[in-house]
Amino acid sequence: MKRALVILAAALALASCEEWEPVFTLKNGDVDMYKAAELTPTATIAELKALYAKHGVLKIQDDDMVIKGKVISDDHSGNIYRELYIQDETGVISVKIGLSSLYSDYKLGQTIYVRCGGLTIGQYNGMPQLGVEDQTGEYETAYLDNRYLIDAHVIRGAFGDPVPPLSVTEAQLQEALKEGYTNPLWGQLVTITDLRYGAAGSYASDHFKRIFILLYVDPYKDKKSSTNRVFCSSETYGVTTWAMSKNKFLEYLDAGCFDRCGTSDKGMDDVFDEMTGLTVKESIRANATAVTTSHYFHLPQGLPVQIRTSGFAKFADTEIDPDVIGDLNAQDGVPISATGIVTVYSGAVQLALVDENSVKILK
Amino acid sequence: MIKKLTLAAVALLLSLGLSAQTYTGGVRGTVVSRTDRAPVPGAVLVLYQGTAEVATVTSGDDGRFLIEDLDNGIYDLVIQAPDYLETRVNVTVNDGYVKNMFNLSLTRGAVVSEVDVDNLVEFDMDDTGYGDSPTVLFGQNDVFNNMAGYNFSAVRYRVRGYSSESQDVYLAGVKMNDAITGYSPFSLWSGLNEATRTKYTVNGAEISDYGIGGYNGLTNLPVNALSVRKGWRGSVLTNSQLYRLRLMLTYASGPRDDGWSYAFNVSARLGGNDWVKGVYYRSFAYYAAVEKQFNDAHKIGAVIMGTPGERGAANSSTQEVYDLIGDNMYNSNWGYQNGKVRNARVRKTHEPIAILKYDFTPSHAFNAAATVLYRFGKNGYTALDWYDAQDPRPDYYRNLPSYYFMEEDDYNRLNGMKAAWAEEVWRKDLPQYAHIDWDRLYAVNKMNVEDGARRSKYAVQERRTDQQDLNFAFNFKWRPVRTFTLTGGADAKVNRTEYYQRMDDLLGGDYFYNMDSFAERDYAAFPYMTQNDLDYWLANGRVQKIHVGDKYGYDYYANVRKWNGWLSGKLNIGNFEMAVGGRVGQTAFWRHGLNRKGLFPGLDKDGKPMVIDGRVVTTYDENGEPITSYGKSKVARFLTYAGKVNLNYVLPGGHRFYANAGYFNDAPNFSQSFMSPRTRNQLAPELTTVKTLTGDINYQVSSNGYNFRITGYYTDIMDQAKVMSFYDDSQNSFTNFALTGIDERHVGMEMGWKIPTDIPNLALQGVIGYGEYYYTSNPKMYQTIDNNASIVEGTYGVTVPYWKSHPEPDGTIARHYVESTPQLAVSLGLNWNWNYWFVDADIDYFGHSYLSMNPLYRTDYATAGPDKEVTPFEVSYMCSQEKFDPSWLLNLSVGKSWYIQRKYQLGFSLNAKNLLNNTWVKTGGYEQTRIVKNTVAKQMFYRFDSKYFYMSGFNYMLNIYFRF
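From first to last, the protein sequence lines stand for chains A and B.
Each residue of the first sequence is one higher than the one before, starting from 797 at the first, in the working numbering.
Each residue of the second sequence is one higher than the one before, starting from 88 at the first, in the working numbering.
Do not rely on the hints blindly, as some may be mistaken.
[Stated by the list, open to error] Under the rule of at most 27 Å between Cα atoms (straight-line distance), these lysine-lysine pairs were calculated in the DSSO-like manner:
{"#": "1", "chain 1": "A", "residue 1": "K823", "chain 2": "B", "residue 2": "K1025"}
{"#": "2", "chain 1": "A", "residue 1": "K823", "chain 2": "B", "residue 2": "K955"}
{"#": "3", "chain 1": "B", "residue 1": "K533", "chain 2": "A", "residue 2": "K831"}
{"#": "4", "chain 1": "A", "residue 1": "K903", "chain 2": "B", "residue 2": "K632"}
{"#": "5", "chain 1": "A", "residue 1": "K1017", "chain 2": "B", "residue 2": "K632"}
{"#": "6", "chain 1": "A", "residue 1": "K1017", "chain 2": "B", "residue 2": "K955"}
{"#": "7", "chain 1": "B", "residue 1": "K955", "chain 2": "A", "residue 2": "K1062"}
None of these hints come from the bench; they were simulated from the model.
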């Protein structure tokens, strides 16, 4: 019997204290906030970008390379998505972090250090990006989307005041377009004023543009094939929202807004899939998802600016003020100012609005 | 006692009514334990002549019994006592003597009935459509169930492959299976082992005195004061599988001279275990009963019992996670907060049961009982909740190496660098990433200041299922003549269960938005549609802010009404007995929404469509009915009935042959009948009753230390329904899935034995359960999008073509089996007893276990893939059902008790399970209802990895008890 008691005592003693915490206290206590890190930067953002300008896509071998910047992007509306823009006195870099709600962890104005060793500097259609090596070879960089990988490279520093948006002129944008990749304007939080709806004679061959959307007839088939893609560009097609959630898109689709679009070889009512007998439109409908939409604006000297809004943004279905669109033929929309992250896309200016309050009508 | 016996004799005389002759013969003896010759008090002895019951007595404190006034003849005496196997003895009464049988010994059943009824780690199965309740009850008298109950529990064995709902469990004559889910409700009294030790069980389709029952046996726990062993009993128990420490104290007065008797049982179960981190117990239990015998005819009793407390739950993960972290018992539910372990999934319950029971026994030929039982209180389950934030679950599939790199190029997952980073998390078991990072959740909430207060992005919700369950049951037994017995009764149940979410912890924040994040994805520009409480939004013009203790999310009543009437007649002719019984009743249930959800506002209070911002927001189903979250749904009503026949033939020497057949037409459960009960009143289409046809034949012998039973059974269960909700990648949306017309067949045998050997004190024991449980139909499925209740074309009202089987490329047909129980289970063992010592050693084998299937993989959609072409390879790949590896287990139990001054008993038992420390034994799991769709070749889809539960490795339980 004694022995049994000894065994019992031993068994209880073997139990770790850890497992008794919830039994007795049920309290884990309050948690401290993050401790702000302080690292010494070894390079500026401009120096980082210069590496790309010099070498092209580059996996950074210098394990000690650290850049420092303040957070200027805020993804609370979901329009800026999976990118963290940080800015120092020499420019901005977009860190490709493949998670949503980055503003939960990285606050506007907060200092961020990036340990660049092992990361890859590259670009996407002219826009500088810092990510990891894309081993598929499809893009120049890939997302950091594992929290451990992110935390090892993106270090949170002290909180600070948010950087106010920079008012940018048409001339500055023209100049930035000329310089391209290394211009410090790209990625900045800016306010562009005097934007009017529609874009005449944009940078390339487009004659006159209102919106641009790209639909995949069957997203599980080859997305790069022109027979699986439907472009709707130039006119408005009756789209009056900044973008389209899945349901809003279906509303437009069912109202016949996109009936005049088609793939490279088929119209909307042609049979797309012989096996199922679905037409292009029916297949689009069956695979409907939110649609990212670009609205074209132009500045007084004619520089086109695309305001590009994600279909997953919370304000995707927000109506654009009818006065802004105006009478399309008369091109008499009222001017606006818009605040967001300015980027370059294949030699064109794009603006990603922060949220629905980023647009002001100027009358 | 004497009174009772006299009464019995009088009743006997009356019922026979043949002559005025007074019999003087009888039988006496002492019931003792075969193990140690200790007297067994409270054993129930039923004397039969042929199959006709002649008398029933209970052994006294000293194990003695006496049955008098017997005619000359040959009788069969059947003895039952808790913890012992049933035994049968032949008795010959002649020349009017009272025959002394001296010691009648009972063989102990599995000595480990100390195990909790919830003897397995609870897994968090929310929304998976997967249930994990074992169905074997501990401490039964039956030789098969007794051993299977203990030895097979580790692998979640289900008797004959049946689900938990099919097992009827009664408390004081009231059916306690959950009104909403049908599950057997053992957790309501876990920790009250002493109070619930006495049980009366019938197997398969036998008819019980408490009801017609179903096809998977019926167990009644009387729980009255007199059913508890007289005296004090205290025990201290430690085990390594569930909790460290159990303390239990019990007292029962036994029958007192003044007619009163009372009993109580309290316990505490505390601490963690060796195997699953984050799982802990902080559970208490109480039971108090009082009973008063007014005179011979009237007895009234009251019971109150409950098990307040909380326990941490485990979670299942994929094999990838288990392999990387090197532990099949990894639990993703916990993480460190301030360096201390915290579990996100905690079950918090306190559901008291109050019982008032009246027994009426005017004569030996008639007895009746009426019970009122009320179950109430709270039943909660905490879970992480988040809005506007990243998924905090550590084993979310995007956190695993396989999300970044797969050998098979077709997945287009080529990033070895990212995979290496992800792998390091698991290989090194980095606490911040391989477990919930509570510190981060707090930091995020604290940093998220809006309107001068901290809006929580992460929170802990409590999902409540608060029942109010009022039951009335009446039953009677009437034996007008010795050869005929009529039993019958009626019962009614009124249940109102409130399902709601309650804010449990804001994790350092001040409030949480009452928004539907899934709806927001589709309807961000229509704020009214994303409101969980539209009425609040309309009244206040803003989203509701939730504070700790507030209800939010969903809130509805499940209302259930049931009544039944039943009757059975038993005819005894010589050694032959036939019983026929039937029941008829009605089940009705409906949902009553208590909040108006933005997605499904329904009609306004005047019965008109609702209009917000000039838009009509009321939506309608395909029948033109408004889809509503608010108010009362249609009432689903079902006529239920059942019929049974039992045939029984006994032979001298304790042999018994019997056969049972039954047909049942039962209502579906509320939990499987609404498309999406959290959001709307919509009933699943084509709801119908579940039809079951069953038959079994049995041979049993229980005599002189020999116990043996063999059974063959055949059961068809038809028209079952199931609903599930999950995130469906093929729809990019949360969807609801209803399956109807699921048919199963269960055919097999079970055999159990305990046989003395030539070596003194050594017995051979064993059980074999072998069956084939498989699906026999291809059910219909109905898929709707959760956000708008719209029908999904192609998967609504169509047959799941590969549910019951699928063709293999070689042309053979692969059958699909009923999941999550071994269809072959064998236990062989030795039992040795000497001088109050016992040793039990068993080796167990389990095979033919299958993984639970999801219907999505068995559809044309999934097998066709992106190219819409179904190939034999795709069918085989998508539709195959995983069969688990067979496993071996070795168990050993030892125990000893001491009598001190013949007054006190001190003893211990030590059970060591899984001595081989096998940690690779899968006990269940399920397929994730998700598909990998973005492939390179665009020809086929891939499955997501399945999730598994494992059995824990070596574990022990030491129990030390003291009785006086």
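Please list, smallest to largest, the hint numbers that this structure does not respect. As far as the earlier hints go, 1, 2, 5 are violated by this structure, in ascending order.
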